[in-house]
Amino acid sequence: MASQSWMTGSAFPSRSPEEGTAMFEGFTPETVDFLWGIRLNNNREWFLEHKKDYVQKLYEPMKALGAELFQPFVDKPGELLKVSRIYRDARLHHPLPYKESLWICIRQDVSWWGENPCLYFEINPDGIHYGFFIWQPRVSVMEEFRRDITARKQEFLTMIRGVEDAVGQSVTAEEYKRPKPTEDPELKRFFAWKKQIGCVRSEPFSDAVFTPELAVRVRKFFEDLTPLYDYFNRFQV
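Residues in the sequence shown are numbered consecutively from 33, following the numbering used here.
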């Protein structure tokens, strides 16, 4: 599973890409240098000396990537794009002033993102992670989910098999130690799901990250995951 540092911290919402946002041209080796720098030198003095690198090599490319990834969702009601900033929320009293990763998140405008589905992209010193995730769905939501897949079994199985075939990997989840009972063997896997439901890809840094084609690749992955994202948005709280 990818790092979950993208789950917390400040962000700004946008219902459509900002006017004047540059096209995404790919990250650069200097992006990686900055990320490693802030991991090893997480202090105000170092950051201020390298703030220009942060803005030009990390933050602006992330905004540009977010704008491109959000394009298919611009006209969907209630959808938000969030791009995080590096500054930690001082109210959380974290010992380090800066985050060592940035993330992009596409989700519905809900009260707490952690209980609802999202599509996300994260970059940290070790590489990139992107895909679909629900961190902490409510118990009542998972109960409704089990009722729904029981009542509309074929519709659900067709959807999830189509998604898994399209992306070439499985949807996974943290499971109950004692899975919820079902007499249907085709649904047994899903009755075991508890939380951290996801379909995430992780990549180390390579030439494939330092190119505009990264946006095309991630956007295609998001589009293939959209039926799963839309399905779980039925249960949003």
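In short, the hints are calculated from the structure, not lab data. Please read all numbers here as calculations on a predicted model, not as lab measurements. Each hint should be verified, as a subset may be incorrect.
In silico lysine-lysine, DSSO-like type, Cα no more than 30 Å apart, as pairs [unchecked claim]:
id	residue 1	residue 2
1	K209	K220
2	K252	K185
3	K185	K227
4	K220	K185
5	K209	K108
Distance windows between CB atoms, simulated [to be verified]:
id	residue 1	residue 2	range
6	Q168	K108	20 to 26 Å
7	K108	K84	52 to 58 Å
8	V106	Q268	17 to 23 Å
9	G110	A224	19 to 25 Å
Quick reminder that beta carbons are idealized off the backbone N, C-alpha and C, glycines included.
Consistency of the hints with the structure:
no.: 1; hint: K209 - K220; in the structure: 13 Å, holds
no.: 2; hint: K252 - K185; in the structure: 27 Å, holds
no.: 3; hint: K185 - K227; in the structure: 20 Å, holds
no.: 4; hint: K220 - K185; in the structure: 12 Å, holds
no.: 5; hint: K209 - K108; in the structure: 37 Å, violated
no.: 6; hint: Q168 - K108: 20 to 26 Å; in the structure: 23 Å, holds
no.: 7; hint: K108 - K84: 52 to 58 Å; in the structure: 36 Å, violated
no.: 8; hint: V106 - Q268: 17 to 23 Å; in the structure: 19 Å, holds
no.: 9; hint: G110 - A224: 19 to 25 Å; in the structure: 30 Å, violated
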